[in-house]
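K.L.:
Position chain B against the provided structure of chain A, taking the given hints into account.
In order, the protein sequence lines correspond to chains A and B.
So in this note's numbering, the last one in the first sequence is 260, and the numbering has no gaps at all.
So in this note's numbering, the last one in the second sequence is 707, and the numbering has no gaps at all.
Source of the hints: derived by calculation from the structure; they are not laboratory data.
Please read these numbers as outputs of a predicted model, since none were measured by experiment.
We put the beta carbon where it would ideally sit given N, CA and C, even for glycine.
Hints are not guaranteed to be accurate.
Subject to a maximum C-alpha distance of 25 angstroms in a straight line, what follows is the list of computed DSS-like cross-link-like pairs (lysine-lysine) [what the hints assert, rightly or not]:
| no. | chain 1 | residue 1 | chain 2 | residue 2 |
| --- | --- | --- | --- | --- |
| 1 | B | K345 | A | K152 |
| 2 | A | K127 | B | K345 |
| 3 | A | K45 | A | K200 |
Over the 10 angstroms line for every Cβ pair with chain A, so calculated as not near, a few chain B residues [what the hints assert, rightly or not]:
| no. | residue |
| --- | --- |
| 4 | W166 |
| 5 | V257 |
| 6 | A282 |
| 7 | P295 |
| 8 | L434 |
| 9 | V474 |
| 10 | M557 |
| 11 | F561 |
| 12 | L608 |
| 13 | L610 |
| 14 | S644 |
Sample of chain B residues at the chain A side, in silico, Cβ under 8 angstroms [claimed, not checked]:
| no. | residue |
| --- | --- |
| 15 | D369 |
| 16 | A455 |
| 17 | R459 |
| 18 | G600 |
| 19 | A604 |
| 20 | D606 |
| 21 | A607 |
| 22 | T616 |
| 23 | F618 |
| 24 | I619 |
| 25 | P622 |
| 26 | Q623 |
| 27 | R626 |
| 28 | P630 |
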Amino acid sequence: MSIADQSLTTELASRNDVIVCRGVKKWFGDFQALRGVDLTVKDREVLVVLGPSGSGKSTLIRCINRLEAHQEGSIVVDGVELTNDLRNIEKIRSEVGMVFQQFNLFPHLTVLDNITLAPVWVRKKPKADALAKAMELLERVGIPEQAAKFPGQLSGGQQQRVAIARALAMEPKIMLFDEPTSALDPEMIKEVLDVMKELANSGMTMIVVTHEMGFAREVADRLVFMESGEIVEVGTPDQFFSAPREERTKKFLSQIL
Amino acid sequence: MSTRNTPVRWVRENLFSSVGNSAQTVVFSLIILGLLRWLLGQAFAEESNWESVATNLRLLMAYNYPTGQFVRIWVSAGALFFAVGLSFATWNVRPMIGFRRLLTTLVGFGCFALICGLVTPGTTPSVVRTSMFAIGGVLVVGGLAAGRLVPRAGERNVGFGRLLVAVSGLAMAVVWLVPFGKHSFIDGAIAVERGVTIASSTKMPWTVLFAVLVSTFFAGRAIAVRIRKQLKIALIAWWVVGPAFVLFLVLRDPAFDWSRIWSVDVPIAAAFALGGGAVLYVLARPGREDLARVVGALLVGFALLHWVAGFAGWYGMLQKVRISFVLLAIAVLLVPTFAGERRARLRLSGGWIGLMVVLHWLITAINTPSTLVISAPPFIGGLVLTITIAYYVMLASFPLGVLLSLARTSKLPIFRVLSTGFVEVVRGVPLITVLFFFSIMLPLFLPRGMGISDLAAVFTGYTLFSAAYMAENLRGGLQSVRRGQFDASDALGLTTVQRTVFITLPQALRVAIPNLVGQAIATFKETSLIAIVGGFDILRIANSTIPNQPDFLGQKRPALLFVALVYFVFTYSMSKSAQSLEKKLEAGRVR
Chain A
4 MSIADQSLTT ELASRNDVIV CRGVKKWFGD FQALRGVDLT VKDREVLVVL GPSGSGKSTL
64 IRCINRLEAH QEGSIVVDGV ELTNDLRNIE KIRSEVGMVF QQFNLFPHLT VLDNITLAPV
124 WVRKKPKADA LAKAMELLER VGIPEQAAKF PGQLSGGQQQ RVAIARALAM EPKIMLFDEP
184 TSALDPEMIK EVLDVMKELA NSGMTMIVVT HEMGFAREVA DRLVFMESGE IVEVGTPDQF
244 FSAPREERTK KFLSQIL
Chain B
117 MSTRNTPVRW VRENLFSSVG NSAQTVVFSL IILGLLRWLL GQAFAEESNW ESVATNLRLL
177 MAYNYPTGQF VRIWVSAGAL FFAVGLSFAT WNVRPMIGFR RLLTTLVGFG CFALICGLVT
237 PGTTPSVVRT SMFAIGGVLV VGGLAAGRLV PRAGERNVGF GRLLVAVSGL AMAVVWLVPF
297 GKHSFIDGAI AVERGVTIAS STKMPWTVLF AVLVSTFFAG RAIAVRIRKQ LKIALIAWWV
357 VGPAFVLFLV LRDPAFDWSR IWSVDVPIAA AFALGGGAVL YVLARPGRED LARVVGALLV
417 GFALLHWVAG FAGWYGMLQK VRISFVLLAI AVLLVPTFAG ERRARLRLSG GWIGLMVVLH
477 WLITAINTPS TLVISAPPFI GGLVLTITIA YYVMLASFPL GVLLSLARTS KLPIFRVLST
537 GFVEVVRGVP LITVLFFFSI MLPLFLPRGM GISDLAAVFT GYTLFSAAYM AENLRGGLQS
597 VRRGQFDASD ALGLTTVQRT VFITLPQALR VAIPNLVGQA IATFKETSLI AIVGGFDILR
657 IANSTIPNQP DFLGQKRPAL LFVALVYFVF TYSMSKSAQS LEKKLEAGRV R
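Only chain A is shown next, with the shape it has when bound in the complex (with noise of 0.2 angstroms):
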């Protein structure tokens, strides 16, 4: 058993396995980027990995929904292998929704449009229910007023909650977020979060990458803790952040808290 699976508690070790790596090992280049990362996420897990820049944390979530291949080990996300057969990579995106540092909405799309796009296009649901879907969803973000708006005549939270919408009109069955907050004002982190937390509260499989230690404490059913693309340590917050194991966690932690 690796080290990311001894921290399960037994209520979690019992759910079923959603993410499943095995040995990943990527190569930009001559760089490692992944020395062999193990890791089992469970259903309705909310999982968030903190690291130093570099680590390696983006590129295993972006691993994970194949927009980088892995060269060694295996991938298995809700029963499915990544491979290099496109099926499976079309299925497993269709699955999993993702939310970037740059919020990556398109610009020359209304909010509306963002949001319908993939679900009218990948999913083929009629317009109309893509429509009803998206408005439900700009409520549950909590701005249905900026629907006919262009992303560009938005503030920054605004686009990470339309991003985030836009993820969840697939009906993902996971949620991977790529540092959320990173690229936002200060004033505007908490809006993203409040979201954030009240989609793991409402059941939804995240794994979360993130430099934000209140949303790790309070929302995190496990923390990762990675450094030179390896998995370091892995633990509940509260023994993570009052009894770290690692020497390198315990630097980690002192630099940043």
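P.N.:
Coordinates of chain B only, in the frame set by chain A:
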């Protein structure tokens, strides 16, 4: 700046801010005034006979189109004005223009007319100089007075509809009231009647045209309130195929063989439209993607077989059947991308049926001989030829350019190499060479029994040439699309085709607009090279036909100036409308 920006202040700050700046202003003003004086002197010199333009207007516009059939030209123009009026209304171009800004423009024109009047050399006929002063005086005095007298002029706006009515009304007033004189050129004999307004065979159609423009604008505005989206789709479809219909059905007047049409052409078109539509409807159901791919692959093989058979001479087949099979194969391959529920499927089948109807009708019309009796082919010339070729070259080279640019940025090396090779070869060859090759060499390479008309040859060559440049302009736009846009589309599960159509291309186009407009302007002007391979475009008529007429021997200058003015009006309005398009798209721009 805290205080109001007065003209005097602007002049002081921008033109006379320092000694060097003042010197520059004076020197360049003198140079510009000198050039203007020279130009006006050339235009209105005693040896410049403007009657050469006035009597030959018909030639310049439509070349040797039979006078008796001229009503066809007017009907075509009417169809264009109809669509222009509706398009203005539907796209709501510039709904409001500031009253103050309008006045400033008018006063500016007035000042220019006054300056022209002042600098015209003494050789100019007095009537020209007087009318310049008159026009300038009216515009300047009227504009300044309106600015003073109208209350709150700064806050008022003028609607586009009113402006359209005003401009059309003014144009009609000029045509009906100003005694330009009647000029006609019939059977080589020139008849000039001075002191009267222009012939009613010209006045009447123009009046009707402007009436059509204004009334379709207001009608369109009323309709667009309710069905703007449908109107937009209909108008886009019209702008793509409408001009071709006008050209081949109205202007060319084909002599249809109706018995053959009913027994051969209609059944083929119906079979493709309905059969293809049904196949698409069946395959577009979600979950049948794999089946669609298999059928698509089979159809591609089937379609290719017909082309190979055609070139090898195994069995004959109507060209339009071959083309239709290729299109059907492409459509079926695209089905998985655009599949969906009932409405999406109906839209797909409907689009296909529309495409087949239009395509088969056009091919039939093009292949039917014309009834027009014309001294020399092709059946169009003059400004009509210039506009037609420019318009269709732009339209056809656009999708081709898109495909080339996508191929060049593709991950697959074979596409990249082919596209790069094509673009570099074509860009390395002058347009004249391409036109020569297509009009003279290409017919020699075609298989026996296959011909290509001069017009089609020129059009094909020019389109390929233009597509290479368009591909390069678009490639610049494609490269400007941010990495994150690809990540986001991939993360949502969009396929490569969907990503390209919905995300990458629209963003690339926005960035590429200035370059594309530059290219469109170049394409418009370079149509004059058609003269080299035998076409009679407006420039060739002005440069070599008019100066050879017995009455105007050697009279080149007025006609050439006139042609320059025509080119300028077209290109300037192209660049102006592109500017307003850019402004309109600003909202969706990356911050």
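K.L.:
Could you run down the list of hints and mark each one as holding or not?
P.N.:
Right, here's what the structure says about each hint:
Among the hinted pairs, K345 of chain B with K152 of chain A is consistent with the structure: their alpha-carbon atoms are about 18 angstroms apart, no more than 25 angstroms. Pair hint K127 of chain A plus K345 of chain B holds up; C-alpha atoms about 22 angstroms apart against a cutoff of 25 angstroms. Using a Cα cut-off of 25 angstroms, the hinted pair K45 of chain A and K200 of chain A holds, with the two alpha carbons roughly 18 angstroms apart. Interface exclusion of W166 of chain B from chain A stands, the closest Cβ pair being 49 angstroms apart, more than 10 angstroms.
Its beta-carbon lying about 44 angstroms from the closest one in chain A, V257 of chain B satisfies the requirement of being farther than 10 angstroms from that chain. With a minimum CB-CB distance of about 34 angstroms to chain A, A282 of chain B clears the 10 angstroms threshold, and the non-interface call stands. Its beta-carbon lying about 54 angstroms from the closest one in chain A, P295 of chain B satisfies the requirement of being farther than 10 angstroms from that chain. With a cut of 10 angstroms on Cβ distances, L434 of chain B stays outside the contact zone with chain A, its closest approach being about 36 angstroms.
Every beta carbon of chain A lies more than 10 angstroms from that of V474 of chain B, the smallest distance being close to 26 angstroms; the non-interface claim holds. No beta-carbon of chain A is positioned within 10 angstroms of the beta-carbon of M557 of chain B; the least distance is around 43 angstroms. Separation of F561 of chain B from chain A is adequate, the least Cβ-Cβ distance of about 40 angstroms exceeding the 10 angstroms criterion. The non-interface label for L608 of chain B is inconsistent with chain A: the shortest C-beta to C-beta separation is roughly 4 angstroms, within 10 angstroms.
For L610 of chain B, the requirement that its beta carbon stay farther than 10 angstroms from each beta carbon of chain A is not met, with the minimum near 6 angstroms. For S644 of chain B, the non-interface assignment is confirmed: its Cβ lies about 36 angstroms from the closest Cβ of chain A, beyond the 10 angstroms cut-off. For D369 of chain B, the shortest C-beta to C-beta distance to chain A is roughly 44 angstroms, which exceeds 8 angstroms, and the interface hint is violated. A distance limit of 8 angstroms between C-beta atoms decides the matter here; for A455 of chain B the minimum to chain A is near 6 angstroms, and the interface restraint holds.
With 8 angstroms as the threshold, the beta carbon of R459 of chain B comes within range of chain A, its nearest partner Cβ sitting at about 7 angstroms, so the hint holds. The interface hint given for G600 of chain B holds, since its Cβ lies 4 angstroms from the closest Cβ of chain A, which is under the 8 angstroms cut-off. Using the Cβ-Cβ criterion of 8 angstroms, the hint placing A604 of chain B at the interface with chain A is satisfied: the shortest such distance is roughly 4 angstroms. Interface hint status for D606 of chain B: upheld, as the beta-carbon distance to the closest one in chain A is roughly 6 angstroms, under 8 angstroms.
For A607 of chain B, the interface hint holds, the least distance from its beta-carbon to any beta-carbon of chain A being 4 angstroms, beneath 8 angstroms. For T616 of chain B, the shortest C-beta to C-beta distance to chain A is roughly 12 angstroms, which exceeds 8 angstroms, and the interface hint is violated. A least Cβ separation of about 6 angstroms between F618 of chain B and chain A falls short of the 8 angstroms threshold, and the interface hint therefore holds. Below 8 angstroms, beta-carbon pairs count as interface contacts, and I619 of chain B has one with chain A at about 6 angstroms; its hint therefore holds.
Of the supplied interface hints, the one on P622 of chain B holds, with its beta-carbon coming within about 5 angstroms of a beta-carbon of chain A, less than 8 angstroms. Satisfaction of the interface hint for Q623 of chain B is found here, the shortest Cβ-Cβ separation to chain A being roughly 6 angstroms, below the 8 angstroms cut-off. Evaluation of the R626 of chain B hint against chain A yields a held restraint, the C-beta minimum of about 7 angstroms falling below 8 angstroms. Hint on P630 of chain B is violated. Least Cβ distance to chain A is approximately 17 angstroms, over the 8 angstroms limit.
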